[in-house]
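Visitor: Keeping the supplied structure of chain A fixed, place chain B upon it in accordance with the hints.
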Amino acid sequence: MSAVTAEVREAVVKKRRGHPSSHGEARFGFAMIGLSVLFVAVFTAIPIVASLGLSFFSWDVISTPEYVGLENYRRLFTDGPVLKSFGVTLGMALAIVVLQLTIGLGLAVLVNQRKLVWVRTLFRTAFYLPLLASTAAVSIFMGYLFDYKFGVVNYYLGLLGIPNVPWLTSGFGAAATIVLIAVWQQIGFTFVLFVASLMSVPTDVLEAAQIDGAGGLRTLFRIKIPLISPTILFAAVVALINAMQLFDQPYIMTKGGPGSATTTVTISMYQKGFQNLQFGYGSAIAIVLLAAILVITGLQFLAARKLVFYQ
Amino acid sequence: MTGIHPPGGSLARRTLLKAGAGGLGLAALADLAACSKDGGGSSKSLKMLYFGEQAQATQLQNRLQPQIAKLDATIKFEISAINGTDWNDFLAKVLTQIAAGTPPDIISVATEGLQLMASKELAIPLDDYVTKDLDALKEYFADIHPALVESMMYQGHLWELPDSFNAGNMFYSTELFQRAGVVPPSESWTLDDFETAATKIAKFKGINAFGWVVRLWGSWTSFMYANNANLLEEGKYDGGDWLWNKAYAGDAAAAGRKGGWKWGAPTANSDATVEALNYMIELTKKGLSPSPDVGGGGTLQGLFASNRIGMSIGGGFWAGGLTNAGMKNGSFDVTMFPKWKSQRHLFGAGGYAIFKSSKKKDLAWEVLKLLVKPETFDLVFPGNVTTPGRKSLVTAARYAKTGPKHWSVFYDTLTKHPDTAPIPAPPYYNALATALNQRTTQAISSGNAKAALDGLQSDLEKAAGAS
Chain A
7 MSAVTAEVRE
17 AVVKKRRGHP
27 SSHGEARFGF
37 AMIGLSVLFV
47 AVFTAIPIVA
57 SLGLSFFSWD
67 VISTPEYVGL
77 ENYRRLFTDG
87 PVLKSFGVTL
97 GMALAIVVLQ
107 LTIGLGLAVL
117 VNQRKLVWVR
127 TLFRTAFYLP
137 LLASTAAVSI
147 FMGYLFDYKF
157 GVVNYYLGLL
167 GIPNVPWLTS
177 GFGAAATIVL
187 IAVWQQIGFT
197 FVLFVASLMS
207 VPTDVLEAAQ
217 IDGAGGLRTL
227 FRIKIPLISP
237 TILFAAVVAL
247 INAMQLFDQP
257 YIMTKGGPGS
267 ATTTVTISMY
277 QKGFQNLQFG
287 YGSAIAIVLL
297 AAILVITGLQ
307 FLAARKLVFY
317 Q
Chain B
202 MTGIHPPGGS
212 LARRTLLKAG
222 AGGLGLAALA
232 DLAACSKDGG
242 GSSKSLKMLY
252 FGEQAQATQL
262 QNRLQPQIAK
272 LDATIKFEIS
282 AINGTDWNDF
292 LAKVLTQIAA
302 GTPPDIISVA
312 TEGLQLMASK
322 ELAIPLDDYV
332 TKDLDALKEY
342 FADIHPALVE
352 SMMYQGHLWE
362 LPDSFNAGNM
372 FYSTELFQRA
382 GVVPPSESWT
392 LDDFETAATK
402 IAKFKGINAF
412 GWVVRLWGSW
422 TSFMYANNAN
432 LLEEGKYDGG
442 DWLWNKAYAG
452 DAAAAGRKGG
462 WKWGAPTANS
472 DATVEALNYM
482 IELTKKGLSP
492 SPDVGGGGTL
502 QGLFASNRIG
512 MSIGGGFWAG
522 GLTNAGMKNG
532 SFDVTMFPKW
542 KSQRHLFGAG
552 GYAIFKSSKK
562 KDLAWEVLKL
572 LVKPETFDLV
582 FPGNVTTPGR
592 KSLVTAARYA
602 KTGPKHWSVF
612 YDTLTKHPDT
622 APIPAPPYYN
632 ALATALNQRT
642 TQAISSGNAK
652 AALDGLQSDL
662 EKAAGAS
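Line order of the protein sequences matches chains A and B. Just so we're aligned: 123 in my numbering is position 117 of the first sequence, and the numbers increase by one with no gaps anywhere. Just so we're aligned: 605 in my numbering is position 404 of the second sequence, and the numbers increase by one with no gaps anywhere.
Isolated chain A (complex conformation) (with noise of 0.2 Å):
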């Protein structure tokens, strides 16, 4: 016993005055860590610099740069079209938003309720399997389902009776379609985080709840509710980003219309960008959007310090 004993002291000496070992764990340590941050730093925080800079130049993509202040960004504030893109945004942003955590956690109750381990597996995987399709190309065949003459959706609605519906042909009905095929395709994401939230819930709690006499309402929004509120206010922040920056959706099934129904900031910077060749004015939407994110989600962590209960 007293040799292991020295065994290990002396180990634990070596591994103080640095060990070769320890070393090379380190470096490759730091190796992994510098691989992230060169991968961040070349994809995410070089472009917004860049972005940022290139905002304030009039540029289009031929010529050389011409530097124009804040030009861009009095531009942008004084541009119709543009800030009802935001307008747009925000609205669809929310209404995805909302849809999609109350059908997530109405789902993962639901679930959660199923005492099947297969049954759980078998929804989890069917709700989950929509956000692994490419967003192109469920657009493209989105666009044929709720096609307005031709759509598969509007045939069988026909079949009962009901006139065609202006799916994507209405300003209305196109921000609305695109908002549920959005929910559509992102609730696997919410569904799966609220699956696995509300299978931690401690079963002593929720046994002391049902002693109590609480019921199956009751004790979902008085006690699971409140234990997984970290995970919603995740998921909020995470769903809202994405539905910020929604693009694919209306550019291929609506092309940002009827007019500019569906017409999101990240559209109008596309537009404005790679369209009419203004890069410096598509730089300044590409920041504003930023900053509004920063902004919104700043909000809900404020929100959530009220709202969220940490255990």
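Treat the hints with care, since some could be wrong.
Reference excerpt, derived from the structure (chain B facing chain A, CB under 10 Å, subset only) [unchecked claim]:
id, residue
1, Gln268
2, Ile269
3, Leu272
4, Thr275
5, Lys294
6, Thr500
7, Tyr629
8, Thr641
9, Ala653
Treat the hints as calculated values from the structure; they're not laboratory data. Keep in mind that this is a model prediction, so the values were computed, not measured. A virtual CB, placed ideally from N, CA and C, is assigned to each residue, including glycine.
Guide: Okay, now just chain B, sitting in the frame of chain A:
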């Protein structure tokens, strides 16, 4: 802590940073812009950009390589394809590629992008080259309608050698016409005839009499042209005599041709333009036409090929397109666009330009001449996927397999309707196309053409001012 324990702050921040990814593309372009000035391919390659699929581009490259080797055995000819839903999409991608520091030596550009490219001095005028080789090119110009050449001029200079075009004619399903008891339309049919035929075809359940796509070429804009209206004031640049007097001396079709189309102040909310768009809204209200899609027209072609649409605006490219989509020769035909106030058609032309940054301009010019030779046309465009710019190539033999029966309409549009003009594609074409698409869908969904076109007028005035 219960449930999943998301490290709230840090993860959220990381995700937040991703929000800036929208700026990534823009920023990356900024970094790469500095490289764009060098231009051209490497010293051993000649690069060409092509609108289409890479598989087709590679095939074309392999077919042309032996002929290019005769010009310079050390040069490797490389064709890069750029895929896009329409020319607007293609142009946006081309410009991104230029910004990324990889401009080509030769580019195929349609009417849509000509003035943008010329005004930004991305390409070079071909005047000197054409003048130098005029004797050799006389055969080419004699075979190309001057309207196509004029559409490739800007500010008095020639920027491209056109090799193809598509005018907005009217395709119709012979099967649906027969079922509806409608006599095939003559070339001189009118808008009333069109509506009468549409009404008869619309009686069939699940069939739309007339289908169209929201875009600049062959959209409601064809009705606008037939109503003697336009989105922009029409004019012509002075100049061009250097070409007309030599290459087209004595050609009546060249009379009055000048130095290219000059697109002036917006006229998008003029009475005649509003009337044209209102006509489309009325067609939709009467159930003669569905709400249109925005974009390239692939879906429309598919619906037409499956006999779910009776009539649609198409050019020579529809002959190959419909055949490729499975339509049998004889199941569709083409005629002139119906007469309204006039029977003026619109068209777009395609051709090749030399990039200003190219270091091999002389060789590029030789390749341009090769690309417009009669024997090259079918290498570049196999299967009637566009209308040949050379009249000698528009023959019965060409359309014997694909149809349509009245294939002669394609070129006759230029010769029988001399007022036919290119689509209005000013240097700010991209902004125009974006605004046109948005305002058209607004008009169709709201039913208010005037309000939408007032908006378009304002959009175009801003775009013209900014260009």
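Visitor: State for each hint whether it applies.
Guide: Hints and how they fare:
Hint status for Gln268/B: violated, given a least beta-carbon distance of 32 Å to chain A, over 10 Å. Taken as an interface hint, Ile269/B does not check out: its beta carbon lies about 28 Å from the nearest beta carbon of chain A, beyond 10 Å. Given the 10 Å rule on beta carbons, the hint for Leu272/B is violated: about 29 Å separates it from the nearest Cβ of chain A. At about 31 Å, the closest approach between the beta carbon of Thr275/B and any beta carbon in chain A exceeds 10 Å, and the interface hint on this residue is violated.
Against a cut-off of 10 Å between C-beta atoms, the interface hint on Lys294/B holds, since the closest Cβ of chain A lies about 8 Å away. A cut of 10 Å between beta carbons decides the hint on Thr500/B: the least distance to chain A is about 8 Å, and the hint holds. A distance limit of 10 Å between C-beta atoms decides the matter here; for Tyr629/B the minimum to chain A is near 8 Å, and the interface restraint holds. Contact between Thr641/B and chain A, as hinted, is supported at the beta carbon level, the nearest pair being about 8 Å apart and thus within 10 Å.
The restraint placing Ala653/B at the interface with chain A holds, with a minimum CB-CB distance near 7 Å, inside the 10 Å limit.
When the structure is compared with the earlier hints, violations turn up for hints 1, 2, 3 and 4 and for no others.
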